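There are 2 protein chains.
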Amino acid sequence: MTSLTDQLRAIVGAPHVLTEGDLSAYEQDWRKRVHGKALAVVRPASTQEVAAVVRACAAAGTSLVPQGGNTGMVCGGVPDTSGRQVVLNLQRMKAVRGIDRDNMTMTVEAGCVLQAVQEAADAAGLFFPLSLAAEGSCTIGGNLATNAGGTQVVRYGNARELCLGLEVVNAQGETWDGLSGLRKDNTGYDLRDLFIGAEGTLGVITAATLKLYPKPAAALTAWAAIGSMADAVRLLEMAHLHLGAGLTGFEVMGQFALSLVTKHFPQQRVPFAAESPWGVLIENSDHESEAHARAQFEQLLEAAMEAGLVTDAVVAENIAQAHQLWHVRESIPLAQAQEGLNIKHDISVPISRIPAFCDETDALLRREIAGVRLVNFGHLGDGNLHYNVQAPEGGDAPKFLREQEARVNGIVHDQVAKFGGSISAEHGIGSLKVDKLPHYKSPVALSMMRAIKGALDPENVMNPGRVLHG
Amino acid sequence: MTSLTDQLRAIVGAPHVLTEGDLSAYEQDWRKRVHGKALAVVRPASTQEVAAVVRACAAAGTSLVPQGGNTGMVCGGVPDTSGRQVVLNLQRMKAVRGIDRDNMTMTVEAGCVLQAVQEAADAAGLFFPLSLAAEGSCTIGGNLATNAGGTQVVRYGNARELCLGLEVVNAQGETWDGLSGLRKDNTGYDLRDLFIGAEGTLGVITAATLKLYPKPAAALTAWAAIGSMADAVRLLEMAHLHLGAGLTGFEVMGQFALSLVTKHFPQQRVPFAAESPWGVLIENSDHESEAHARAQFEQLLEAAMEAGLVTDAVVAENIAQAHQLWHVRESIPLAQAQEGLNIKHDISVPISRIPAFCDETDALLRREIAGVRLVNFGHLGDGNLHYNVQAPEGGDAPKFLREQEARVNGIVHDQVAKFGGSISAEHGIGSLKVDKLPHYKSPVALSMMRAIKGALDPENVMNPGRVLHG
Chain A
1 MTSLTDQLRA IVGAPHVLTE GDLSAYEQDW RKRVHGKALA VVRPASTQEV
51 AAVVRACAAA GTSLVPQGGN TGMVCGGVPD TSGRQVVLNL QRMKAVRGID
101 RDNMTMTVEA GCVLQAVQEA ADAAGLFFPL SLAAEGSCTI GGNLATNAGG
151 TQVVRYGNAR ELCLGLEVVN AQGETWDGLS GLRKDNTGYD LRDLFIGAEG
201 TLGVITAATL KLYPKPAAAL TAWAAIGSMA DAVRLLEMAH LHLGAGLTGF
251 EVMGQFALSL VTKHFPQQRV PFAAESPWGV LIENSDHESE AHARAQFEQL
301 LEAAMEAGLV TDAVVAENIA QAHQLWHVRE SIPLAQAQEG LNIKHDISVP
351 ISRIPAFCDE TDALLRREIA GVRLVNFGHL GDGNLHYNVQ APEGGDAPKF
401 LREQEARVNG IVHDQVAKFG GSISAEHGIG SLKVDKLPHY KSPVALSMMR
451 AIKGALDPEN VMNPGRVLHG
Chain B
471 MTSLTDQLRA IVGAPHVLTE GDLSAYEQDW RKRVHGKALA VVRPASTQEV
521 AAVVRACAAA GTSLVPQGGN TGMVCGGVPD TSGRQVVLNL QRMKAVRGID
571 RDNMTMTVEA GCVLQAVQEA ADAAGLFFPL SLAAEGSCTI GGNLATNAGG
621 TQVVRYGNAR ELCLGLEVVN AQGETWDGLS GLRKDNTGYD LRDLFIGAEG
671 TLGVITAATL KLYPKPAAAL TAWAAIGSMA DAVRLLEMAH LHLGAGLTGF
721 EVMGQFALSL VTKHFPQQRV PFAAESPWGV LIENSDHESE AHARAQFEQL
771 LEAAMEAGLV TDAVVAENIA QAHQLWHVRE SIPLAQAQEG LNIKHDISVP
821 ISRIPAFCDE TDALLRREIA GVRLVNFGHL GDGNLHYNVQ APEGGDAPKF
871 LREQEARVNG IVHDQVAKFG GSISAEHGIG SLKVDKLPHY KSPVALSMMR
921 AIKGALDPEN VMNPGRVLHG
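Taken in order, these protein sequences are the chains called A and B.
For the first sequence, our numbering assigns the number 1 to the initial residue and increments by one for each residue that follows.
For the second sequence, our numbering assigns the number 471 to the initial residue and increments by one for each residue that follows.
Don't read these hints as lab results, they were simulated from the structure.
Treat the hints with care, since some could be wrong.
Unchecked claim - Over 12 Å on every C-beta distance to chain A, these chain B residues come out as not near it, computed from the model:
1) L493
2) Q585
3) N656
4) Y659
5) E707
6) K733
7) Q738
8) N788
9) P820
10) E830
11) G841
Unchecked claim - Selected chain B positions facing chain A (in silico; Cβ < 10 Å):
12) L652
13) G697
14) G853
15) K903
16) Y910
For clarity, every value in this text was computed on a predicted model and none was experimentally measured.
Beta carbons: idealized from backbone N, C-alpha and C, even for Gly.
Bound-form chain A, shown alone (with noise of 0.2 Å):
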């Protein structure tokens, strides 16, 4: 009897099975929250060669999880500590399949980076609006398989929004080939989307066709200065009022969000950092030229602080004015990162409820929580707040988490329940918030997932434990 790994060898090449040596970039998440211990760490280079793969596992009894980028946030793609598992990566499978200007489409595999797909839309006149932090390293195949979100989803939508069709390898090691440039297409039951954010537990996405949009003629960059999240969201509406879908860009960052980039980054120049309690960052992309751009944004700009919403604002002249602004708001990770550990939460919560949620989440834990520091910034066009807890000043970070963690996260993911919010808007569940989701999804829902899972993976073989418990 040949053993699994010599079958995964004779499949894919010796090459590319790895058993021995330093497998820390695929059996550790980048936020270094878990580490694994995987039986192999296997990468074929073809669809072909990922179904054989999971035939072979399924064959044998040994559960598979499927890897991009690995620059997940929630350990959805790294193995558990048996030993067990075989991390199926697909960074081999990197090609563009094509590209169909007149359609608006192309095709990639799913090991793609993200960056390649955006450059190769570029190179052929057309834009792919899928943008986010981890970009230079995160694969499509792994955008897809979680709905990443991003910063343009108030002009264009999740990674669900943005794909047409998947070529897929089921939990039996068939092919799906599902790709498709079809705009409209009702025949049968919507596989693309259960797939798509189903983090690999119902089968491994191996291609995916992708919708392009014409290039904008420019994109410009504001920053205002406002003096509450309730003036943020009434700054939103009139700014989709004003750009109509020119809107591609509305993040807001709290004060001592903006406080850390600057003691952390003190050559990062953080506009009206001093006087306001929020900066709002807003894109205008338009398909005329840069100068209706700037026409629009001043119009915009000039309303909002007719109306008393916005107290002070700043358009960039230039490209590289632009990347300053958007560089700020980018490190704010960073910075709160170098001030210590923290407790980081990705809700959304309706638009409207954000400022009431904020207030009184806000109170909550500052009467829980002696000195606790509120690092709040996100995707406000979206409803999506980064709500992050950082220790009191000066206390021991270390500890804090470790004695204030379930309690921070228990109130904030109780206030976002009360708000009719959700506790991952764009990161998923994976691993990480697997235990908290049956406390916060519909007892009806879980039920109905559970039944896909089970017809879809009867032998529980793609990435069981994540998503739903096993």
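The hints should help you fit chain B onto chain A, whose structure is shown.
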């Protein structure tokens, strides 16, 4: 033992259980292709009543046919002829449960007529973009169950893309409250999109939370004369570049289709009817002003004329003229019906392949059936054509249908498959295409669909025999 109809009367009240008299409004599809016979037509007034009806029917082993406005094209919402199915008509559930202006969402019950949804959004100063010919009588529940398309898909997507959350009564009679105003929520499998487009075979949609948009400041309509389908595709590409997200409609109409409008509705004025092989209707919605929309349109049409794509064009001067142009487009199906019975296809193909598809399929049909007349029109912006086949002039249309329908369907659908298209772009499968689906859908997809149906509706209570064979 109480009979099922008595139980149903106890649940919804005797006046809302119809068993006698002329029930053809519920038992017959509006195109009068199928006349079924129901055990009873039940008209619940609340989600609780729907759930109780489903439980009673499931316990009695009686299957249910969910029904909205009964305007479907594929006989998916009328009972079979057995007299043993219960029609579950949702029209009494028509409340607008709420509009959240700051969140740009509204929550409506399934029986709400699409036009009432549009009007409620408008009254709140916002815009719900789903629009189709039956909007005065179809319901939003039916629109979602069939993932309706219509004329604004090029900008706003299908019904699927306009829905954030659902309330569903599943086949066990449990209520899933998945109503949600969240634009980002990655907490498990995408049940919402599974029920959308499932045509009532997995559960009954009872309410939905819908996305709203800012009202456009102006919507202008243009009509262009075009020499070929290939030029229409190039004009579409140019329209995307010039109008950006302002491009909200792009319809193409063949000369023969338009000649039927002139023939049967001579009071209508069809622009450039005599000299032009194709007419294209373009809608440009602008968030700034009518003047800006007009300037954009003029630039587009001038550029298209310079490029030799458009031989002549007119932009509507006012709303009345715009309505006239749209009215020509919307009169094609009626004119076609006046001309006599015909064989309809609701197909999609990648936009880039539409010219070759039409050339090849036209030639094939003309070679196979002497004198056949092709009525080709549709939503080119989405790659969706209503590619219809009319009997030869002066021929016996009923005889033509009897003798040729299966053959013509086979030719057209085989061509669709060859060009990577869909045999049902926006109408669904229902019972009309349930026999055809296995020929054109991947066996792997079908087996996953069957597994899902078996998992969520093991007793086959919900709309059996639709989408999948029972």
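Now for the hints, and whether the structure bears them out:
1. For L493 (chain B), the condition that its CB be more than 12 Å from all CB atoms of chain A holds, with the nearest at approximately 28 Å.
2. Every beta carbon of chain A lies more than 12 Å from that of Q585 (chain B), the smallest distance being close to 22 Å; the non-interface claim holds.
3. Separation of N656 (chain B) from chain A is inadequate, the least Cβ-Cβ distance of about 5 Å not exceeding the 12 Å criterion.
4. Look at Y659 (chain B): its CB is around 5 Å from the nearest CB on chain A, not clear of 12 Å, so calling it non-interface is violated.
5. For E707 (chain B), the requirement that its beta carbon stay farther than 12 Å from each beta carbon of chain A is not met, with the minimum near 6 Å.
6. Non-interface status of K733 (chain B) relative to chain A is upheld: no Cβ of that chain comes within 12 Å, the nearest being about 30 Å off.
7. Separation of Q738 (chain B) from chain A is adequate, the least Cβ-Cβ distance of about 28 Å exceeding the 12 Å criterion.
8. Non-interface call for N788 (chain B) relative to chain A: holds, since the shortest CB-CB distance, roughly 22 Å, exceeds 12 Å.
9. The non-interface label for P820 (chain B) is inconsistent with chain A: the shortest C-beta to C-beta separation is roughly 4 Å, within 12 Å.
10. Annotated as non-interface, E830 (chain B) keeps its C-beta farther than 12 Å from every C-beta of chain A; the closest such distance is 17 Å.
11. Every CB of chain A lies more than 12 Å from the CB of G841 (chain B), the least distance being 31 Å, so the non-interface label holds.
12. Taking 10 Å as the C-beta contact cut-off toward chain A, the hint placing L652 (chain B) at the interface holds, the least distance being around 5 Å.
13. Of the supplied interface hints, the one on G697 (chain B) is violated, with its beta-carbon coming no nearer than about 17 Å to a beta-carbon of chain A, more than 10 Å.
14. Of the supplied interface hints, the one on G853 (chain B) holds, with its beta-carbon coming within about 6 Å of a beta-carbon of chain A, less than 10 Å.
15. Of the supplied interface hints, the one on K903 (chain B) holds, with its beta-carbon coming within about 8 Å of a beta-carbon of chain A, less than 10 Å.
16. The interface hint given for Y910 (chain B) holds, since its Cβ lies 7 Å from the closest Cβ of chain A, which is under the 10 Å cut-off.
Figure legend: structure checked against the earlier numbered hints; hints not met, in rising order: 3, 4, 5, 9 and 13.
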